[in-house]
Amino acid sequence: MAEPALSIRGLTKVYGNDFHALKGIDLNVPQGDFFALLGPNGAGKSTTLGIVCSLVNKTAGQVKVFGVDIDTNFSLAKYHLGVVPQEFNFNQFEKVYDIVLTQAGYYGMPMREARPRARQLLEDLGLWDKRDNVARMLSGGMKRRLMIARALIHRPKLLILDEPTAGVDIELRRSMWEYMRRINREEGTTIILTTHYLEEAENLCRNIAIINHGEIVKNTTMRELLAELDTETFILDVSGPVEALPDIEGLERVAHDDSQLQLSVKKGQRLNDVFKALNDAHVDVVSMRNRANRLEELFVNLVAEQNQAGEIRS
Amino acid sequence: MSMRQIWVAFFTIVTKEIRRFMRIWPQTLLPPSITMTMYFIIFGNLIGARVGEMDGVPYIDYIVPGLIMMSVITNSYSNVASSFFSNKFQRSVEEMVVSPMPDWVILLGFIVGGVARGLAVGAIVTGVSLFFTDVQVHHPFLTMLVVLMTAVLFSIGGFINSLLAKKFDDISIVPIFVLTPLTYLGGVFYSIHTLPEIWQNISMINPILYMVNTFRYGILGVSDINAGGAIAAISMFIVVFYILALWLLKRGQGIRS
Numbered sequence: 001m002a003e004p005a006l007s008i009r010g011l012t013k014v015y016g017n018d019f020h021a022l023k024g025i026d027l028n029v030p031q032g033d034f035f036a037l038l039g040p041n042g043a044g045k046s047t048t049l050g051i052v053c054s055l056v057n058k059t060a061g062q063v064k065v066f067g068v069d070i071d072t073n074f075s076l077a078k079y080h081l082g083v084v085p086q087e088f089n090f091n092q093f094e095k096v097y098d099i100v101l102t103q104a105g106y107y108g109m110p111m112r113e114a115r116p117r118a119r120q121l122l123e124d125l126g127l128w129d130k131r132d133n134v135a136r137m138l139s140g141g142m143k144r145r146l147m148i149a150r151a152l153i154h155r156p157k158l159l160i161l162d163e164p165t166a167g168v169d170i171e172l173r174r175s176m177w178e179y180m181r182r183i184n185r186e187e188g189t190t191i192i193l194t195t196h197y198l199e200e201a202e203n204l205c206r207n208i209a210i211i212n213h214g215e216i217v218k219n220t221t222m223r224e225l226l227a228e229l230d231t232e233t234f235i236l237d238v239s240g241p242v243e244a245l246p247d248i249e250g251l252e253r254v255a256h257d258d259s260q261l262q263l264s265v266k267k268g269q270r271l272n273d274v275f276k277a278l279n280d281a282h283v284d285v286v287s288m289r290n291r292a293n294r295l296e297e298l299f300v301n302l303v304a305e306q307n308q309a310g311e312i313r314s
Numbered sequence: 001m002s003m004r005q006i007w008v009a010f011f012t013i014v015t016k017e018i019r020r021f022m023r024i025w026p027q028t029l030l031p032p033s034i035t036m037t038m039y040f041i042i043f044g045n046l047i048g049a050r051v052g053e054m055d056g057v058p059y060i061d062y063i064v065p066g067l068i069m070m071s072v073i074t075n076s077y078s079n080v081a082s083s084f085f086s087n088k089f090q091r092s093v094e095e096m097v098v099s100p101m102p103d104w105v106i107l108l109g110f111i112v113g114g115v116a117r118g119l120a121v122g123a124i125v126t127g128v129s130l131f132f133t134d135v136q137v138h139h140p141f142l143t144m145l146v147v148l149m150t151a152v153l154f155s156i157g158g159f160i161n162s163l164l165a166k167k168f169d170d171i172s173i174v175p176i177f178v179l180t181p182l183t184y185l186g187g188v189f190y191s192i193h194t195l196p197e198i199w200q201n202i203s204m205i206n207p208i209l210y211m212v213n214t215f216r217y218g219i220l221g222v223s224d225i226n227a228g229g230a231i232a233a234i235s236m237f238i239v240v241f242y243i244l245a246l247w248l249l250k251r252g253q254g255i256r257s
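Sequence order for the protein chains is A and B. Residue numbering for the first sequence follows full-length UniProt numbering, beginning at 1 and increasing consecutively. Residue numbering for the second sequence follows full-length UniProt numbering, beginning at 1 and increasing consecutively.
For the record, the hints were derived by calculation from the structure and aren't laboratory data. Heads up, a few of these hints could be off.
What the hints assert, rightly or not - No more than 27 Å apart at the CA atoms, straight line, and that leaves these computed lysine-lysine pairs for DSSO-like:
#1 B:K88 - A:K95
#2 B:K250 - B:K167
#3 B:K250 - A:K130
One chain only, chain A, in its complex shape:
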């Protein structure tokens, strides 16, 4: 069996102020995966990824990147990694092209190899026209894409994206998703993503881990996680005000809006039956959509459950 792209065992991090950021977590990310690591702010996501890419010293535990232990051959392990951090971490006074080429140099890539690669990446990410601009002149979205180009310059096998689309407008975010999907699918790059946009994780990732208070509270496939939803809530747009609400379980009015109804469908409840009842009651449904992101509901529930359990324990 192929070595996992990332294997973490008993990873612990205690900061100087006795804050236990990670409490012995285990995690496996298979090769070729698109993996989501989610958690509320301060849960331990960035600490975990920081340890993997050597920006944070671990207190205990083992980390292997493609089977290479970071304690025995960190140099080789780091060669497999490309890192897009949460915060901008390039020299703001350097030119875009120079930032990418310098990073290639740090990985030991000769310039004759780095130049065409940098050009390709900057073109793919829509930054080639900006190559001679100093980085601080770029917009927020461009700066994020610059960090992606920089992280990919040495063709890493594992790409770590720590909130890569934070503060990026929706159109650009979607084009970045497409790009990430492409490098995952076509180049086989394993991707680990942390994000606060749960729609992003749901759209992109096959496997998911949720971390809270330094512990992994869930580690499963996206499909299985979403299947745990007991109830899904839909908003139904109707053609006009509904005089008498039909007696359908989970159907209720939406306050302040006569043209909408809210329908909570439990697992096992058949939508056909619901629509038949609506039809019989002469309720004309024009369109239907999810009330909230499904993963968001699960995430909020899981984190709330764990927080509650923590309160009871303490």
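Using the hints provided, position chain B relative to the given structure of chain A.
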């Protein structure tokens, strides 16, 4: 990393460092040439004419090696201190930390960058001094050796300072409160033989005295101290500072949490 990759990484840091101080030459290369011109005019020509000779050589000739060395020391130190600290401040140091480059390559790259600036400024100051006096080098090899070793030592010093610094003020404390007094009291402007015996003895614990005097010996052939002993002492300092810098870098002092 293979040796070839290591070489590429090292070369990348060195060229980046040299480009940096060349790009901002009004901040890095111009000020020392103006300051030193002032020193040569005021201390060398105007006051120096009244001082007469120091250790048997005209005063302007006596201070030229001291001022060249002073420029090399401050510029090597401040180049590495400010460059590496600004990398830390802007977090671009993470570009190096996440890369597979060994720590010694990062350290060596910055040292060579600091040495390059120290020697560039040293060459400029030497050029300026030629407008005021003739510089004849008595021992070229020793002169080059001691200036190179001094630049290496203070580049490492600047690196350690930048690793320990938490804010920009922290990289100016050492140059202002340690380097400048030690340099001024290190025989740049006078021979320690002009001091009372007690101050001569106290001066002997100042490491910069050895560097300035060995360099002066290389150029003028006169010195307050033994050149061989000085080279040995500087070598020892380089080894100790290098090991300390590498240890701090390895444990991620000021870089990793």
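Practice problem: Quickly compare the C-alpha distance for K88 of chain B and K95 of chain A to 27 Å and report which way the hint goes. | Solution: holds, 18 Å
Quiz item: Are the Cα atoms of K250 of chain B and K130 of chain A separated by 27 Å or less?
Solution: The hint is violated at about 36 Å.
Quiz item: Between K250 of chain B and K167 of chain B, does the CA-CA distance stay at or below 27 Å?
Solution: holds, 21 Å
In summary, the one numbered hint that this structure violates is 3.
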